[in-house]
Amino acid sequence: MSASRHDRVSWLRQPGVLAALPAAIFLLLGFAGPLAMVFGYSFMPPKTFSLMQPPTVENYISVFTDSYYISFTWSVTLAAITVLLLFPICYPIAYGMAKLFGKWATLVTVLVAVPLLISENIRLFGWVLVLVKNGIADGSLQTLFGVSMSGLLYSVPAIVLGLVYVYLPFMLFPLVIGISMIPDTLKEAASDLGASRWQIFREIELPLAMPGILIGGILTFILALGSLAESKILGGQAIVMIADDIESSFTFAQNWPKGAVLSVLLIALSGIIVYALFRRIDLDQIIGRR
Amino acid sequence: MSSQANRTSRTLITVWTVAVIVFLYLPMIAVVLASFSRQRYFRFPIPRWTTEWYTRTLESLSVRDLLWTSLSVAALVTVLSVVLAFFGALAFARYDWKGRKVYQRLVLLPIFFPQAVLGLALLLWFSVLGVTTSWQTAVFAHMIWIVPIVILIMSIQVYSFDPALEEAAFDLGATRWQVLREVTLPVLAPGIVSGAIFAFLLSWGNFPLSLFTTGADQTVPEWLYSKMVSGYTPMVPTLGSLTMSGAAVFILVIYLAWLAVAARRRRQMTAPDD
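Going down the list, the sequences are from chains A and B. Heads up: the first sequence runs through residues 1 to 290, numbered per this note's numbering. Heads up: the second sequence runs through residues 1 to 274, numbered per this note's numbering.
Simulated from the structure, these hints should not be mistaken for laboratory data. Hints should not be assumed to be uniformly reliable.
[Stated by the list, open to error] With a straight-line cut-off of 25 Å between C-alpha atoms, the simulated DMTMM-like cross-links for lysine to aspartate or glutamate are: (1) K99(A) / E203(A); (2) K47(A) / D244(A); (3) K101(B) / E167(B); (4) K187(A) / D282(A); (5) K227(B) / E59(B); (6) K99(A) / D284(A); (7) K98(B) / D162(B); (8) K187(A) / E203(A); (9) K227(B) / D244(A); (10) K101(B) / D282(A); (11) K101(B) / D284(A); (12) K99(A) / E188(A); (13) K98(B) / D284(A); (14) K98(B) / D282(A); (15) K101(B) / E166(B); (16) K99(A) / D282(A); (17) K98(B) / D7(A); (18) K98(B) / E166(B); (19) K101(B) / D7(A); (20) K101(B) / D162(B); (21) K227(B) / E52(B).
[Unchecked claim] What follows is a list of derived Cβ distance ranges for each label pair: (22) A36(A) / I251(B): 32 to 40 Å; (23) L51(A) / L252(B): 43 to 51 Å; (24) T109(A) / T270(B): 25 to 33 Å.
[What the hints assert, rightly or not] To be clear about the criterion: a stretch of chain B counts as covered by chain A if any three or more of its residues have a C-beta under 8 Å from a C-beta of chain A, and this derived list gives those stretches: (25) 5-15; (26) 19-31; (27) 84-90; (28) 141-151; (29) 199-212; (30) 225-238.
Virtual Cβ for every residue (Gly too), placed ideally from N, Cα, C.
Using the sequences and the hints given, assemble the complete structure.
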């Protein structure tokens with residue numbers, strides 16, 4: 001009894017534990033707390049604002065029997081399309097940055113990272129100006145070829161463009177880390193033994209770069225899954241994504257329990273995927289290259 | 001033959017990279033072009049140019065309020081996040097302790113979390129706790145997302161930190177505080193600076209968290225969004241261009257300061273008395 005208490009005290013006095021405490025307490029208050037509360041609200045009767053009611057699963061039933069599967073399906077589909085487009089777009093660039101560009105790789109890194117530091121809104125608004133009727137794409141085509149291409153904006157492809165555009169760096173940078181983990185000697189050896197380029201890619205590059213590929217794919221999938229701005233700014237009223245439904249339940253509809261159920265489902269879906277990822281990778285190895 | 005193929009694929013990869021970078025900057029160029037267009041509604045090619053929107057934007061008092069709010073939020077987020085994340089990164093990468101692997105994963109979860117949902121959850125949280133939302137609550141909200149990112153950025157530097165340096169200082173009789181100030185902080189300075197830059201700019205540009213947590217106050221990205229949705233004015237691209245150039249100048253100044261520091265260090269290293 002007293003031994004275990006002693007253990008606990010000595011665990012607490014490790015410098016690592018002390019250093020971890022401030023951020024851990026902060027995230028407990030600002031992240032774990034709100035999430036637990038949302039979870040609690042998902043079991044409250046519809047349209048109540050108190051957490052003290054007897055719990056019910058009514059909201060879950062009504063969400064599953066209602067048409068929310070539509071916005072869920074749209075979100076999952078668009079997120080999957082985004083990942084499938086981003087991988088082939090980013091892989092050659094990541095390969096170049098890790099293996100070919102040498103000192104130019106830093107410049108490419110900076111050029112890709114700078115847009116991240118500029119509000120997503122402004123950049124998506126830039127796409128509105130490009131795609132809108134009489135905008136840059138339409139106007140250029142009219143002037144150069146006399147054809148008009150209105151109706152590009154406020155469509156599903158416009159949303160996909162926005163998602164690919166905004167989340168590109170989140171695929172690219174993990175891929176660079178993944179590909180730089182491939183030793184060049186292995187590829188040379190395989191090539192000397194007569195492996196084709198495709199064989200080298202499939203048998204050596206892909207498996208060795210897998211941690212980076214997984215992080216990039218999952219990060220972009222989850223970010224796209226919960227995205228709000230792209231469908232609002234570029235999609236207009238074309239489709240409703242799940243984050244839209246959550247927002248309107250919490251705000252206009254003033255139905256917190258329903259918004260909470262939708263959040264819980266979204267969080268559960270993302271959570272399962274992240275959990276599967278974290279089980280397969282070693283963060284020390286990837287970030288610290290140890 | 002093989003080197004020929006290598007050269008071809010190298011060229012292709014370079015061309016592709018340049019094309020994608022152009023793609024990344026195209027919408028920003030569009031925003032800058034629109035800010036110089038005289039038309040109330042954007043047309044391309046631009047028939048008539050003007051700088052009138054810049055004068056109007058810079059003279060507008062409400063724009064000054066927006067900038068001030070965004071600046072206050074970003075400045076406070078930067079200072080608080082850097083302090084929390086500094087210790088967080090030490091726990092993440094420097095010390096070996098039981099529970100570290102779990103901590104590493106838990107602390108990164110907010111990065112993997114949809115920001116709009118986090119913003120809404122925080123809105124409920126504040127309302128249940130009876131806290132009135134304002135720019136201060138937005139600082140709190142931004143930090144939930146930014147502290148983990150800064151921890152990650154600083155950890156990269158901390159991993160390459162040699163603990164023997166600290167131990168040597170302890171052996172020479174330095175106190176814990178002296179070791180922190182004289183050894184740990186200076187060695188980790190590059191990581192701290194890059195963490196601070198990211199914290200500031202990510203907060204400055206954040207929209208989904210601000211949208212639900214600023215209450216009656218408004219940041220620049222929120223205002224831009226509200227005007228995009230209804231009541232469009234050419235001040236949208238103008239203020240957009242101004243904040244983009246602000247960020248660009250900020251990055252440039254830090255980059256130049258960085259070069260200056262690196263050059264000074266190199267001179268010190270090659271000094272004759274060494």
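We went through each hint and held it up to the structure:
Proximity of K99(A) to E203(A) is assessed by CA-CA distance (about 18 Å); at most 25 Å being required, the pair is judged to hold. Distance check on the hinted pair: K47(A) and D244(A) sit about 18 Å apart at the alpha-carbon level, within 25 Å; holds. For a cut-off of 25 Å, the pair hint linking K101(B) to E167(B) stands: about 24 Å separates their Cα positions. Taking the CA atoms of K187(A) and D282(A), the gap is about 24 Å. The hint holds against a cut of 25 Å.
Of the pairs offered as hints, the one joining K227(B) and E59(B) holds, with about 18 Å between alpha carbons and a cut-off of 25 Å not exceeded. With a C-alpha separation of about 22 Å, the suggested pair K99(A) and D284(A) falls inside the 25 Å cut-off, and the hint holds. Distance check on the hinted pair: K98(B) and D162(B) sit about 20 Å apart at the alpha-carbon level, within 25 Å; holds. Between the alpha carbons of K187(A) and E203(A) the distance comes to roughly 10 Å, so the proposed pair stays at or under 25 Å and holds.
A C-alpha spacing of about 19 Å is found between K227(B) and D244(A), which places the hinted pair at or below 25 Å, so the restraint holds. For the hint pairing K101(B) with D282(A), the CA-to-CA distance comes to about 9 Å; that is within 25 Å, so the pair holds. Between K101(B) and D284(A) the CA atoms are separated by roughly 9 Å; this keeps the pair inside 25 Å, and the hint holds. Of the pairs offered as hints, the one joining K99(A) and E188(A) holds, with about 13 Å between alpha carbons and a cut-off of 25 Å not exceeded.
Between the alpha carbons of K98(B) and D284(A) the distance comes to roughly 15 Å, so the proposed pair stays at or under 25 Å and holds. Of the supplied pair hints, the one linking K98(B) and D282(A) holds, its CA atoms being roughly 16 Å apart against a limit of 25 Å. For the hint pairing K101(B) with E166(B), the CA-to-CA distance comes to about 23 Å; that is within 25 Å, so the pair holds. Among the hinted pairs, K99(A) with D282(A) is consistent with the structure: their alpha-carbon atoms are about 23 Å apart, no more than 25 Å.
Distance restraint check for K98(B) and D7(A): the Cα-Cα separation of roughly 12 Å lies within the 25 Å cut-off, and the hinted pair is therefore satisfied. Only pairs whose Cα atoms come within 25 Å are accepted, and K98(B) paired with E166(B) is accepted, the gap being roughly 21 Å. Taken as a hint, the K101(B) and D7(A) pair is honoured in the structure, with Cα atoms around 19 Å apart against an allowance of 25 Å. Between the alpha carbons of K101(B) and D162(B) the distance comes to roughly 20 Å, so the proposed pair stays at or under 25 Å and holds.
With a CA separation close to 19 Å, the supplied pair K227(B) and E52(B) stays within the 25 Å bound. Checked against the hint of 32 to 40 Å, the C-beta distance between A36(A) and I251(B) comes to roughly 39 Å, which is consistent with it. At about 50 Å, the beta-carbon gap between L51(A) and L252(B) stays in the expected band of 43 to 51 Å. For the hinted restraint 25 to 33 Å between T109(A) and T270(B), the CB-CB distance of approximately 28 Å keeps it satisfied.
Counting residues of the stretch 5-15 of chain B whose beta-carbon sits less than 8 Å from any beta-carbon of chain A gives 4, enough to reach three: the coverage restraint holds. With a threshold of 8 Å between beta carbons, the proposed coverage of the stretch 19-31 of chain B by chain A holds, since 11 of its residues qualify and at least three are required. For the stretch 84-90 of chain B, the proposed coverage by chain A is satisfied: 5 residues have a C-beta within less than 8 Å of a C-beta in that chain, meeting the threshold of three. Beta-carbon proximity to chain A at under 8 Å applies to 6 residues in the stretch 141-151 of chain B; the threshold of 3 is reached and the given coverage holds.
Counting residues of the stretch 199-212 of chain B whose beta carbon lies closer than 8 Å to any beta carbon of chain A gives 7, which meets the minimum of three for the stated coverage. Using a Cβ-Cβ cut-off of 8 Å, 5 residues of the stretch 225-238 of chain B lie near chain A, which meets the minimum of three, so the contact claim holds.
Hint compliance for this structure: every hint is met.
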